[in-house]
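> Keeping the supplied structure of chain G fixed, place chain Y upon it in accordance with the hints.
One line per chain: the protein sequences are G and Y, in this order.
For the first sequence, the residue numbers in this note's numbering are 1 to 333.
For the second sequence, the residue numbers in this note's numbering are 1 to 274.
Just so you know, these hints were derived from the structure itself, not from any lab.
The model shown is predicted, which means the values in this text are computed figures rather than measured ones.
Partial pick of chain G residues on the chain Y-facing surface, computed with a CB cut under 10 angstroms:
| # | residue |
| --- | --- |
| 1 | 90 |
| 2 | 163 |
| 3 | 263 |
| 4 | 284 |
| 5 | 290 |
Glycine is no exception: its CB is placed at the ideal position from the N, C-alpha and C atoms.
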Amino acid sequence: MRELTQPAVAARPGPPSVDAQRRAARWDLLVELAVTGAGVAGIVLLLLMIVFVVREALPLVLDPVQREQASLAKLLLPQPWRDGHAPALLWNPTSKVPKVSVWPLVIGTLKVTGVALAVAAPAGVAAALFTSEFAPSRLRTWVKPTIELLAGIPSVVLGSFALMTLASALQSAFGFDFRLNALVAGLAMSLAIVPVIYTLSDDALRAVPHTYREAALALGATRWETAFRVVLPAAAPGVLGALVLGVGRAVGETMIVLMASGNAALVSANLAEPTRTVSATIAAEMGEVVMGSTHASLLFLLGAILFVFNLVLNVTAGAWVRARLARREGAPS
Amino acid sequence: MSGTVPARLGVLALLSWAMSASAGTLTIKGSDTMVALCQRWASAFRDANPGVRVQVTGGGSGTGLSALLEGSTDIAMSSRPIAPIELERLKQRTGVDPVVVEVARDGVTFFVNPANPVRALSVAQLAGLFSGDVTRWSQVGGDDRRVILYTRETTSGTSEFVRERLLGGLDFAPIAQPLPGTGAVVNAVSRERFGVGFGGAAFSRGVVPLRVRVADDEVAPTPEAVKSGRYPFSRSLTFVLARPAEGDTKRFLEWIASDAGQALVVAAGFFPLR
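Okay, chain G solo, but in the shape it has when bound (with noise of 0.2 angstroms):
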């Protein structure tokens, strides 16, 4: 900050007063200041959050009522539900008997999130390996703020997308029994993250130096060589960047599984039944929530869940870009 005064000040004609001086160095602590207390109050605010969340499913814990309610076995194990059926893991926090258990929340996410994953990653970093590697510069141009433009597609318009035409169309084509699925959720949802893992991924390829593919070039690759064996390899760091951004969209994206998804909160690996998510779990039972009761606790407990989930990941892939970049620099070249 101070240097980059430094040149203005020289410029100037005759040696500048002392005043000036003093005044350039407190204008330059105030904004030190201002982009400092900026940063700090992002970090407080987000530990905060963390802290409010956290304090609110605590009485999971420490209240023996909530604690007996909602116990490890109750969250983690099958229970009995009803006479003449198999214990099961069932959600259903209003029932006479509540029902706690949080597997199927989780696998209704990770369904979806998978489906959304399977078709927007390949698409997307596809997508931005043609724009960064193949695409005429007009082309791409047009096609990369187009993309980017789908971001901008509020969430609850993709859901009632979903919900009207892609579900009725996937039914009468697959012939599912369930129209609204967890099929149905993740291809909405998967419009939602392709306009970002394409452009993070259209970024990072565009990173990666030009003689890199000026000496596979020379070397005697061919053009899809040098994109897919040489600039995506050197970009890999940059496109897990985007996909864990992509997922994180994914796993935290309330209103299209909401809507798209049949919200029935089961255990199955079938993509073609419906699925309930932890954030649309949140959404649809926050509003009516007696706070302080066990039911609410729960539902914090699930966002600490979904925090702790991105956290995993975005700490996971932290530490595979390090091991990554440090094997490349270490590489004998």
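Same frame as chain G, now just chain Y:
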């Protein structure tokens, strides 16, 4: 912490009460089933009484009652009986007995897609469908296709009512899909050939209401059957107030009970009190 929350809520209640009183706005919140009806009442009442503003929002009976408890609404619409504990909590907040007023009657209708040949079911068959014991339409006289159940999220008074009256308080089948509004359920069933759902009688566009078999008779949710209670799934639609009505609120309630008010009940697809 727990000590300050009621205090804060109290302040909130006072604030919102003061604000609504000064602005001449009457806020009504709750049952999604009642929103359309209440909006008709509100706009007709506004026309007759310029200067009075009536604001109607939905969210479900539970949402309306918790808003009443927080003091963020003047009237809660409820399509289910009010639990004693809810009345008790309201009384704790205000110190006076809350008031429950019946404003119309409703029959909860079960409906199927027009392509489904099933037109009448007994209460036991309906219970079998929604508890998950019956999974194929062929078990109740329809095609050999899977039954797709639609219910409502737990904020819904309609859902609670059906769970109590149909399943004796047991849970809906885990495979049942809870949707966020009666409109969403109607929409879903109108697009799902083998779907079945329920809602207030006012909603039936694009779906076919089922008759309910009672003894040897098939009872459709007609006004007579609902008023007489012969239709097994009839219920009261009520307004809940935290304290006895006065001023505009009282005029609004009196107007609703009048012939003009009850005529709108019929127009909205519900059943009048008389």
